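Residue numbers (this note's numbering), protein chains in the order written: chain A, 2 to 273; chain B, 14 to 296.
Certain hints may be false.
Quick list of simulated restraints, FRET-style, between CB atoms [what the hints assert, rightly or not]:
| id | chain 1 | residue 1 | chain 2 | residue 2 | range |
| --- | --- | --- | --- | --- | --- |
| 1 | B | 120 | A | 232 | 54 to 62 Å |
| 2 | B | 194 | A | 230 | 44 to 52 Å |
| 3 | A | 192 | B | 36 | 40 to 48 Å |
| 4 | A | 250 | B | 195 | 29 to 37 Å |
| 5 | A | 20 | B | 178 | 23 to 31 Å |
| 6 | B | 144 | A | 26 | 51 to 59 Å |
| 7 | B | 136 | A | 77 | 54 to 62 Å |
| 8 | A | 77 | B | 195 | 24 to 32 Å |
| 9 | A | 77 | B | 124 | 48 to 56 Å |
By construction, these hints were calculated from the structure, which means they are not laboratory data.
From a predicted model like this one, the values you see are computed outputs, not experimental measurements.
Glycine included, C-beta positions come from ideal geometry on N, C-alpha and C.
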Amino acid sequence: MTENSASKLVVQNLRKSFRSQRSAEPIQVFDDISFEVRPSEFISLVGPSGCGKTTFLRILDGLIPRDEGTILLDGKAVIKPGPDKGFVFQDASLLLWRTVVDNVVLGLELQGIDKKIARKKAELYIALVGLKGFEQHYPHELSGGMQQRVNLARALIVDPQILLMDEPFASLDAQTREIMQAELLKMWRQTRKTVIFVTHQIEEAIYLSDRVVVFSARPARIREIVEVGLPRPRSLAVKRSPEFLALADHVWNLIQEEVLRSMGREIEEGLR
Amino acid sequence: MSVAVKTAPPFPPLRRSPQLTGALSVLAGIALWQVFYDGLARTDYFQAYAINHFFVSPWQVVQSFADLYQSGELVRNCYFSFLEFFYGFLLAIAIGVPLGFLMATQEKLNNFLDPWVSCIYATPRVALAPIVVVWFGLGILPSSLIVFLGAVFPILLNTYTGIKSVRRNLIDVVRAFGGSPWQIFLKVMIPDATPAIITGMRLAVGRAVIGVVVAELFGAEAGLGFMVYLYSQRFMPGPVFVGIVVLVVFGIAAFVALDKLQRWVSPWYAFQLQQQVQGLEME
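Isolated chain A (complex conformation) (with noise of 0.2 Å):
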C-alpha cells in the first residue's frame, strides 16, 4: 500500500451489517475491507456463496450505503451511484420495450445528452460488443450472450472510470461464456478500464483477472489476494496451462476452507 496516490480505487476499512427479520442483533455483512486498485487493473472478487460479493460491488456503486469506511475513486469518496461507474448486471436487465440502440444510449440520455450525439456514440459501442445489425432489434429477440453484450455497451457508454460487473455470465452456457471471455479482455484492452469482477467461477476469475480477491465467509474479510501473473494477452489455451491449474488449485483451497468453516458454524448455531 504504498503509492496511494497512484491508485484508481482505494477501499478503507469498510464494514457493513443488515438487520434481520429473524434475530434482534444485526448480521454482519463485512468486517473491515480495505485494499487497493490500480488504474486499468482488472480484478476479481471470488469466495463461498453467500458472502456478500454482490452486496459489496453494490456498495462500491453507491447502490447500498454502507456502515463504516471509505471508498475513493480517483481521490474522490464515492457517495452516490453515478455515470462515473459503470454497472453491468448480473441479469442482463434491458428495457423490453426499447431496442438494443435504445437500451444503449440510456446513460446519456439520463445525463440529458442531445439525441443525436447518443445514438453516434452508441453505434460505436454497439459495434464494439459486436452487435453491429442488430441496433432496432428488441431484447427477446436476442440470446442471452447478445444481451449480455448489450448490458456491457449500455456501462461501457457513459466512458465511466471504473467497470463493476457482477457475475454477467452466471446465466450463461459454458460455450457462450468462454467466448464472452476471450471478447471482455479484448474490449479491455481497447478501453483500458479498470475492472471489479465478482464471479463464483475461479477459473473465470484467474483467466480474466491480474488478481483474484479471495473473500472470506461471513462476515466476509479479505482471505488473500492472489497475483495471477500470467502474460496476457491470454489465448484460451492458457486455462489448461499447469501455472493456471495451480493457481485455480490455490485459490479453490482458500474458498474450500471457508466453506466448510462457514458450514461448522452454522452447525454450531443451529445447535445452540
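Assemble the complex: chain A is given as a structure, and chain B must be docked to it using the hints.
Only chain B this time, still in chain A's reference frame:
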C-alpha cells in the same frame, strides 16, 4: 399372405382456423335458434298463449333492428349509452391509474385508503345504483357515476399490482446511472406497468357495460338499457334482443380494441406471456 393396402382415412382431417371454427359455432347456434322458433310457431300453443310476446326468432331480431334504426331510436339510445360509458370509463382511468400508482408507492396512503377500497370493492355496485339515482336524478351524470364505480376498481387494482411488480433490477439500472426518482418513474415504472394497466382496462370494459345497463334500468330517459327495459315491459322481445346484441357487440369491440392497443404499445409483453405459458407447459 395379405397385402398391405394403403387406404385413405375415411374422413380427411379438417384444417380450419380457430376464427372460422368460432364463426361456424355462432352461426350454427343462431340457425338452431331459428329452427326451434319455427317449430314452436307451428304448434297450436303458439297463438293460444301469445308466445310471440315471449319468444323471438333471430330473423325477427334483424327486422326489429332495421325498424329501430330507421326510426332513429337505436342511434339515439346508442349515443346516450356510449356517452355514459365514455365519461364513466374516462373518469375511472383518470382516478384509478394515479390512485393505484400512489397507493403502490406511498405506504402510508395505502394503509389509509386500503379499507375504503376493500369496502367499496366488496359492495355490490348494483345496490348503490338506486341511491346514486336518488342523489343525482335521471340523466347522463348518475349513469356515468355508476359506470365509474364499476370500472374504477379493476383499473386501480391492476395499476397497483403493475407498479408493485415493476422489476427492481430495472430501477437499479437507472439508479446506477444516477437517475432521479422522476426519471425512474418515467423511464421504468410507467412502461413496465403499462401492460398491467391496460389489462385492468380490459377487465373494466365488462364492468362498465354492466354499469351502463344497471344505471339505465334504475332511472333513465334514454339508452340501450332503458330500451331493453321499456320493450320488455311492453312484451316486445324483438327490440329487447336488439339492445342486448348491440351491448354485447360493443363490449367485445372495446375489449378487442384494448387488446390491440396492448399489443401495439407493449409488443414485448405478449412475447413474455407466451414464454411463461411455454414454461408452464414444460413443467
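Now for the hints, and whether the structure bears them out:
| no. | hint | result |
| --- | --- | --- |
| 1 | 120(B) / 232(A): 54 to 62 Å | holds (56 Å) |
| 2 | 194(B) / 230(A): 44 to 52 Å | holds (46 Å) |
| 3 | 192(A) / 36(B): 40 to 48 Å | violated (60 Å) |
| 4 | 250(A) / 195(B): 29 to 37 Å | violated (52 Å) |
| 5 | 20(A) / 178(B): 23 to 31 Å | holds (25 Å) |
| 6 | 144(B) / 26(A): 51 to 59 Å | holds (56 Å) |
| 7 | 136(B) / 77(A): 54 to 62 Å | holds (59 Å) |
| 8 | 77(A) / 195(B): 24 to 32 Å | holds (26 Å) |
| 9 | 77(A) / 124(B): 48 to 56 Å | violated (41 Å) |
The structure fails hints 3, 4 and 9 (numbered hints given earlier, in ascending order).
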